[in-house]
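Peer 1: Chains A and B, in that order, give the protein sequences. Taken in order, the first sequence gives residues 21 to 309; the numbers are from the numbering used here. Taken in order, the second sequence gives residues 21 to 309; the numbers are from the numbering used here.
Worth flagging that the hints you see were computed from the coordinates, not collected in a lab. Mixed in with the good hints, there may be bad ones.
If chains are identical, the list can't say which one is meant, so a pair holds when it fits in one copy or spans any two.
Said to hold, decoys possible - Simulated crosslink set (DSS-like; lysine-lysine; CA at most 27 Å straight-line):
#, residue 1, residue 2
1, K119, K263
2, K124, K221
3, K51, K223
4, K25, K50
5, K151, K82
Because the structure is a prediction, the values reported are computed rather than measured.
There are 2 protein chains.
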Amino acid sequence: MTVFKEFQSHWTPIINNYLEKHLASEVDDKKIGKIMAYSVMAGGKRLRPLLFLSTLYTLGKKIGEQEVRIACGIELIHTYSLIHDDLPAMDNDNYRRGKLTSHKKWGEAEAILAGDALLPMGIQWIAEGSKSSQLVTIITRAVGPNGMVGGQYLDIDSTNNASVAGNAKFINRMEWLKTGCLIEGSVKMAAVYAGADSEQKDKLVAFAKDFGRSYQIYDDLVDVVETSEEAGKETHKDKEEGKNNTLTLLGIDQSRKELTNLIDHAKANLTGLNGQLLASFLDLYKKVL
Amino acid sequence: MTVFKEFQSHWTPIINNYLEKHLASEVDDKKIGKIMAYSVMAGGKRLRPLLFLSTLYTLGKKIGEQEVRIACGIELIHTYSLIHDDLPAMDNDNYRRGKLTSHKKWGEAEAILAGDALLPMGIQWIAEGSKSSQLVTIITRAVGPNGMVGGQYLDIDSTNNASVAGNAKFINRMEWLKTGCLIEGSVKMAAVYAGADSEQKDKLVAFAKDFGRSYQIYDDLVDVVETSEEAGKETHKDKEEGKNNTLTLLGIDQSRKELTNLIDHAKANLTGLNGQLLASFLDLYKKVL
């Protein structure tokens, strides 16, 4: 059993229980609460909250209820982004995590509003759990126009745009903003919250950058390597829809090589830290290699 | 010249300049920046930022660049809410503030993303301007599922629903959440930021509650009293679309009476404060009385 697996099996149920309990108790209107919880409780891997908590662990910070609140706030924000990405005006997806997407299940206005409710509530949980305006600055920058939403905009703007199909710089930037920024933000918040010194912080942020970049390549590979049953969503869609990503740029073999290199690089960044736990997160990617 | 008019003519250009300059300099991608700025710079009254700054003034707090950053953060958030409310899946409006709505001008995905970018950036400005996680808690609660978005959800959920048409309690609650919460939040943030004592804070929050409630009745009256040219958006739409609001419940005359009562009540709450400036905000409503 790897270190990641142990950490995951301990903390995932705690995260899931917190999310379920607090969405039920902290949302006054039960109907919108149910729509929000439908997507949040659809069985994600809780990768970003686990990364946040693992970084605290790496830095020797004790994890209690306040830290779990911050971690779960990150998951609310991640879920909002999935709901909006799936909308008819965006990727127009019917399935996510093996279930109907929010707009397919509840209607389009309801899905937009469930996302619009999860984003500020996620930031609220981070602010209340941390009592730190610095963490709020990190998370809001990570998901704003110079982060996640900016990446989604580039994606929408470039879909079926032949002029960017071979532009590696553009594609790297788009993928980094879309996926990497929130992953980096999760690690950066933990480093600031735990009071890491600047050397520790630099190493962790460098690790997070590689991890975030690898995650996107991994996710693109899942689209072609896995059947939709395994992935819980429709696969083989990216090419069909004219999406430009690292995979369409490099092909499967070269993407796998790039992913292998990134994993080695990510691990090297952890030298000198108690980095065994974080390094073991990278084992997740083995299934597409 | 009333006190409000003086305050407004001094601070509105400062707010507008700050918004224009910082949206241009702080959004990396010029295309999404332009889409965001299109709606932000469409000529709103800047009521919420002015209320925030006026409350600081009332409490004797000096206004500098950091305070203007917080005020402008509130306006970014307000603008996001307008863009999403206008979407085809929501109110499906073609005009706002005399211009095409964001989705009509730029496309639906672009409008959703411009809103999704303005919300976290607004919270970021508030966090950076105030360095206070408490202000972040106030604003995120005000616009989340138990605030503005919750009200928008009730509105969508109840449109063309005859069973709530005569339910004053439901309509009051919906209108309060939709409009009142962000107005109350603007005043509450100023009270906390300026270090108001608990008596001052209670009076200001009571004023904000009445002001927020009156604003919604005022806004509904604008829909029937003004021509669309005066209002800068399509009017006479609420009844046509089966919207339930105080006006459809009480009729025009009774709504005007309710508004007059609320104005008196709001003014009474300011007794004992240096409340002349805030009281003069209520003069705004005279044009529909």
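Peer 1: For every hint, state whether the structure bears it out.
Peer 2: Right, here's what the structure says about each hint:
{"no.": "1", "hint": "K119 - K263", "result": "within (23 Å within a copy, 33 Å between copies)"}
{"no.": "2", "hint": "K124 - K221", "result": "neither (42 Å within a copy, 45 Å between copies)"}
{"no.": "3", "hint": "K51 - K223", "result": "neither (44 Å within a copy, 33 Å between copies)"}
{"no.": "4", "hint": "K25 - K50", "result": "neither (35 Å within a copy, 43 Å between copies)"}
{"no.": "5", "hint": "K151 - K82", "result": "both (16 Å within a copy, 25 Å between copies)"}
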